[in-house]
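When you line the sequence shown up against this note's numbering, it's residues 266 to 902, in that order.
A portion of the hints provided could be inaccurate.
Each pair of labels, with its calculated beta carbon distance range [claimed, not checked]:
id: 1; residue 1: 536; residue 2: 343; range: 22 to 28 angstroms
id: 2; residue 1: 572; residue 2: 769; range: 47 to 53 angstroms
id: 3; residue 1: 477; residue 2: 536; range: 28 to 34 angstroms
Don't read these hints as lab results, they were simulated from the structure.
Cβ coordinates follow ideal geometry from the N, Cα and C atoms, glycine included.
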Amino acid sequence: MSGMHARGRVPAHARIPDAPPAPDFPAPNAPAYAPTYAPDLTPTPASPMDKPTGTAKSTKSARTGGANKNGKGPKVDLATEITASLVVFLVALPLCIGVAVASGVPAELGIISGVIGGLVVGAARGSTLQVSGPAAGLAALVAETVLEYGVAMLGVIVLGSGILQIVLGLVRLGRIFQAISLAVVQGMLAGIGLPLMFSQLYPMSDSKAPGTPIENMAGLPGLIADTFANPQALIAAGLGVVTIVLSFLWKKMPGPVKKIPAALVAVGIGIGVASLPGVDVKTLQVGNLLASVDVPGPTEFAGLADVGIITAILTFTVIASAESLFTAAAVDRMHSGPRTRYNPELIAQGAGNTVAGLLGALPITAVVARSSANVQAGAKTRLSRTLHGLWLLAFALLLPQVLALIPIAVLAGVLVHSGWKLFAPEEFPKMWRQDRGEFAVMTLTTLVIVATALLEGVLLGLAAGIVLAALRMSQTVIKQHLEEDTAKIVMAGNATFLRLPQLIEALEAAAEAGKPRIRLDLTGVTHLDHACRNQVEEFVAQQRGFGLRVELLMPGPAKPTSTPTGGADMAADEDFPSTARPADSVLPRRGYAPPTTTGATYPTQSPGPSPTAEWFYLDTRPMPEEYPTRPEEYASR
Numbered sequence: 266m267s268g269m270h271a272r273g274r275v276p277a278h279a280r281i282p283d284a285p286p287a288p289d290f291p292a293p294n295a296p297a298y299a300p301t302y303a304p305d306l307t308p309t310p311a312s313p314m315d316k317p318t319g320t321a322k323s324t325k326s327a328r329t330g331g332a333n334k335n336g337k338g339p340k341v342d343l344a345t346e347i348t349a350s351l352v353v354f355l356v357a358l359p360l361c362i363g364v365a366v367a368s369g370v371p372a373e374l375g376i377i378s379g380v381i382g383g384l385v386v387g388a389a390r391g392s393t394l395q396v397s398g399p400a401a402g403l404a405a406l407v408a409e410t411v412l413e414y415g416v417a418m419l420g421v422i423v424l425g426s427g428i429l430q431i432v433l434g435l436v437r438l439g440r441i442f443q444a445i446s447l448a449v450v451q452g453m454l455a456g457i458g459l460p461l462m463f464s465q466l467y468p469m470s471d472s473k474a475p476g477t478p479i480e481n482m483a484g485l486p487g488l489i490a491d492t493f494a495n496p497q498a499l500i501a502a503g504l505g506v507v508t509i510v511l512s513f514l515w516k517k518m519p520g521p522v523k524k525i526p527a528a529l530v531a532v533g534i535g536i537g538v539a540s541l542p543g544v545d546v547k548t549l550q551v552g553n554l555l556a557s558v559d560v561p562g563p564t565e566f567a568g569l570a571d572v573g574i575i576t577a578i579l580t581f582t583v584i585a586s587a588e589s590l591f592t593a594a595a596v597d598r599m600h601s602g603p604r605t606r607y608n609p610e611l612i613a614q615g616a617g618n619t620v621a622g623l624l625g626a627l628p629i630t631a632v633v634a635r636s637s638a639n640v641q642a643g644a645k646t647r648l649s650r651t652l653h654g655l656w657l658l659a660f661a662l663l664l665p666q667v668l669a670l671i672p673i674a675v676l677a678g679v680l681v682h683s684g685w686k687l688f689a690p691e692e693f694p695k696m697w698r699q700d701r702g703e704f705a706v707m708t709l710t711t712l713v714i715v716a717t718a719l720l721e722g723v724l725l726g727l728a729a730g731i732v733l734a735a736l737r738m739s740q741t742v743i744k745q746h747l748e749e750d751t752a753k754i755v756m757a758g759n760a761t762f763l764r765l766p767q768l769i770e771a772l773e774a775a776a777e778a779g780k781p782r783i784r785l786d787l788t789g790v791t792h793l794d795h796a797c798r799n800q801v802e803e804f805v806a807q808q809r810g811f812g813l814r815v816e817l818l819m820p821g822p823a824k825p826t827s828t829p830t831g832g833a834d835m836a837a838d839e840d841f842p843s844t845a846r847p848a849d850s851v852l853p854r855r856g857y858a859p860p861t862t863t864g865a866t867y868p869t870q871s872p873g874p875s876p877t878a879e880w881f882y883l884d885t886r887p888m889p890e891e892y893p894t895r896p897e898e899y900a901s902r
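Construct all of the structure, not just a fragment, from the sequences and the given hints.
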């Protein structure tokens, strides 16, 4: 009690030291501590020796993400950006084709969306290293939409989604996606990487994947048996394994050789092996890109009167926006460069989908596999992701015969390596050691994504993270103690409805103790929600109705108490006989009135006590160590 630990009364006119400590219970509407001096706020002249500490410069550097001296962003290493764009191109090409096939549309539409993701979204401001294109997370939804409304209506739906995304970005709703738990982000990455690995093991052996991630995992024994039974499939699998090994070990190569992307080396080896006599492995096949463009006409736009089409537009908007911005949060954690600007990025995604809709192509989102490949390849600016769209366009239009030489198994091996990097199995034991609760959130997010889809897994992971945070914020300590005629309960912490069972158990134990007096001390509670407050008040009213004396010390500011008049409703404290008060009142808290000192100024307070008034102090002795913390411990006493 700030040096006044004794119980009893102190006259108001007793001498108070010139520099008193802060009172334990400030008066209502007064600050917690009233200083005994008036601080001199007159600015002192700047000394000629004073120099900036460099804080502003550091802040600016952090804000710009490592900008150069001209403030124009990171220095561009053109060679690195070009090689990174080629790596992203090699990762994006099979993904574009695979997503299109899985969505039930021609493969060329997937490449068109990939080109738009590079040239339109990639050139826009927002994110720096995030790469966009057709995403596997939307493949199932696209397939259902195409099956119900046809490929022609897909353009209208994607166009409407793009316009809505632009509107959402303009009203600045993109930043809400920054509030995402790291455990959810890591779980999302693992949930994307694991199915990606298993799905690409099939094309790596020139086979077709069964479908869902669970089916792909279950079909692995049969895939291995079929591969060893087919010599050509075994050659394709060998090319895929060589690609994976090169992807892991190439960075250990000496000298400038390691600067060549491992994926390019693997493609060269694959083309060489595929051209050998007697080798018959599957290679990429791309048709006429321009002939695949299907611009929506008046007939398709008339379909906007259909409620189902409007629902599809809203669904595409929500899922595409969530997937893109959740991916942005994940990609930002992969590098130390400029952070994503969420609202401009949402506008950029909307612009890409608007163009894709006008061309009748697949919807576009940010894609983790391509983005992580871009980061791992050493890209630092938007140039690499923009160039990857240019390579897609150039190869599809001008060099389709070159694409036809690349074995699919090699590209599948590149994706298996990307999936392993996303899965990052070492992060799970690391999270287990750091935080078991966050580990549970991370694992749950991963499993749900694998079992269902990306959006469902992320949403469930977010819900689990919120529940975990609520449980941790609702830390309530309840201690109980029995004396000769009193059952005492002391609470501290945050009392929310999540701790209601614990509170009810403690109250019931106090009532069953058989003591004529119950004292509930809740002054240490920092937050008391409505459910817990209502439970306490009902308990107090009920026990007083039974004739027991119940003293209730509630948290919050002091309340004025009426002058006691005596009677059965008065509850006197055995330690403070003169503090008899109405049984349902709150014990008044001690006020503080500093002495008048020359030159000192104090905040205006309520009128202080008269010279004959007395101050009273609460008992501040700590609870005995032997106090039980659970009601059932009473049974052993």
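Results for each hint:
no.	hint	result
1	536 to 343: 22 to 28 angstroms	holds (26 angstroms)
2	572 to 769: 47 to 53 angstroms	holds (48 angstroms)
3	477 to 536: 28 to 34 angstroms	holds (33 angstroms)
Of the numbered hints listed earlier, not one is contradicted by the structure.
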